[in-house]
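Protein chains: 2
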Amino acid sequence: MVDILHKIGIKSAMPAVYRALTTIDGLSGWWTTDTTGETGPGDVIRFRFGKGGFDMKLLELDRDSRVVWQVIDGPPEWLDTTITWELRREGDWTRVFFKHQGWREPVDFMHHCSTKWAVFLVSLKALVETGRGTPWPHELKIDSWEE
Amino acid sequence: MVDILHKIGIKSAMPAVYRALTTIDGLSGWWTTDTTGETGPGDVIRFRFGKGGFDMKLLELDRDSRVVWQVIDGPPEWLDTTITWELRREGDWTRVFFKHQGWREPVDFMHHCSTKWAVFLVSLKALVETGRGTPWPHELKIDSWEE
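Just so you know, the protein sequences line up as chains X and L, in that order. Residue numbering for the first sequence follows my numbering, starting at 1 and increasing by one per position. Residue numbering for the second sequence follows my numbering, starting at 1001 and increasing by one per position.
Since the hints were made in silico from the structure, they are not lab data. Predicted, not measured: the structure shown is a model, and the values here were computed from it. Incorrect hints may have been included.
SDA-like cross-link-like pairs, simulated, lysine to any residue; straight-line CA separation at most 25 Å [unchecked claim]:
{"hint": "1", "chain 1": "X", "residue 1": "K99", "chain 2": "L", "residue 2": "F1109"}
{"hint": "2", "chain 1": "X", "residue 1": "K11", "chain 2": "L", "residue 2": "P1015"}
{"hint": "3", "chain 1": "X", "residue 1": "K11", "chain 2": "L", "residue 2": "E1139"}
{"hint": "4", "chain 1": "X", "residue 1": "K141", "chain 2": "L", "residue 2": "P1075"}
{"hint": "5", "chain 1": "X", "residue 1": "K99", "chain 2": "L", "residue 2": "W1145"}
{"hint": "6", "chain 1": "X", "residue 1": "K11", "chain 2": "X", "residue 2": "P106"}
{"hint": "7", "chain 1": "X", "residue 1": "K99", "chain 2": "X", "residue 2": "L21"}
{"hint": "8", "chain 1": "L", "residue 1": "K1051", "chain 2": "L", "residue 2": "T1022"}
If you want the footprint, here are the derived chain X segments under chain L, 3+ residues with CB under 8 Å [said to hold, decoys possible]:
{"hint": "9", "stretch": "31-43"}
{"hint": "10", "stretch": "50-56"}
{"hint": "11", "stretch": "64-77"}
{"hint": "12", "stretch": "118-130"}
Here a beta-carbon is modelled for each residue, glycine too, at the ideal position from N, C-alpha and C.
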């Protein structure tokens, strides 16, 4: 089992965080500006980052608490992995527990994706707290081939 | 096996990255300003973040390629875990492969530490590339209890 795990606290009520994870407008505001698709259960959202990207099938959508995506197209290392978002309300804050599971091997690319997910979680936090995230292509670059 | 894995590319020759990971001056510039101790093989470096912190024993110091720390004091979840830094030169860049291994369970705190390590790796990159990192207490806060 090799998983990417993260957690971030967002000073916000839960519905705003849920919206940022489940609407095209929200997702475009922190992950990639090139986000398209439908957002109901079983639908597919397409996330593009210039040449490449990911297609995510919406496996679970439990309002205000849990969202699960399955990767149905993208780099081979990502295929059939799942991404789970768990939201927990704690006082004035919402904590986001993130799990990207199903990696077959801890390849170099997985190390990169782990760090990059953290960069985008910080962008998600900024979007919800301030109204302004840094989605691709404006996000922080962490390696040569991204520049 | 539950590991925290990260990778970051730094536009720099390898010795500058190695120095940032193996000297008190370097470590103080990206992780915490409150870093003290000796930096030879088998020595212990103390990293403090206000009330808490970590004591790391230097298990391996292979110049320009690999550094391994063992956590000998700190939060119970961290005790006896190891942190490995592998450096690879690729053209004008140095890639840092980071592994925090030996976690017994994927506890909530592990999720937090994974995200926080990414924040500090971005600080390490900034220190080496620009001369200015954001060590504690100046680093990006990602949860309520850090503010």
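Status of the hints after comparison with the structure:
no. : hint              : in the structure
1   : X:K99 - L:F1109   : holds, 14 Å
2   : X:K11 - L:P1015   : violated, 40 Å
3   : X:K11 - L:E1139   : holds, 18 Å
4   : X:K141 - L:P1075  : violated, 32 Å
5   : X:K99 - L:W1145   : holds, 22 Å
6   : X:K11 - X:P106    : violated, 33 Å
7   : X:K99 - X:L21     : holds, 14 Å
8   : L:K1051 - L:T1022 : holds, 24 Å
9   : 31-43             : violated (count 0)
10  : 50-56             : violated (count 0)
11  : 64-77             : violated (count 0)
12  : 118-130           : holds (count 5)
In this structure, the earlier hints numbered 2, 4, 6, 9, 10 and 11 are contradicted, and the remaining ones agree with it.
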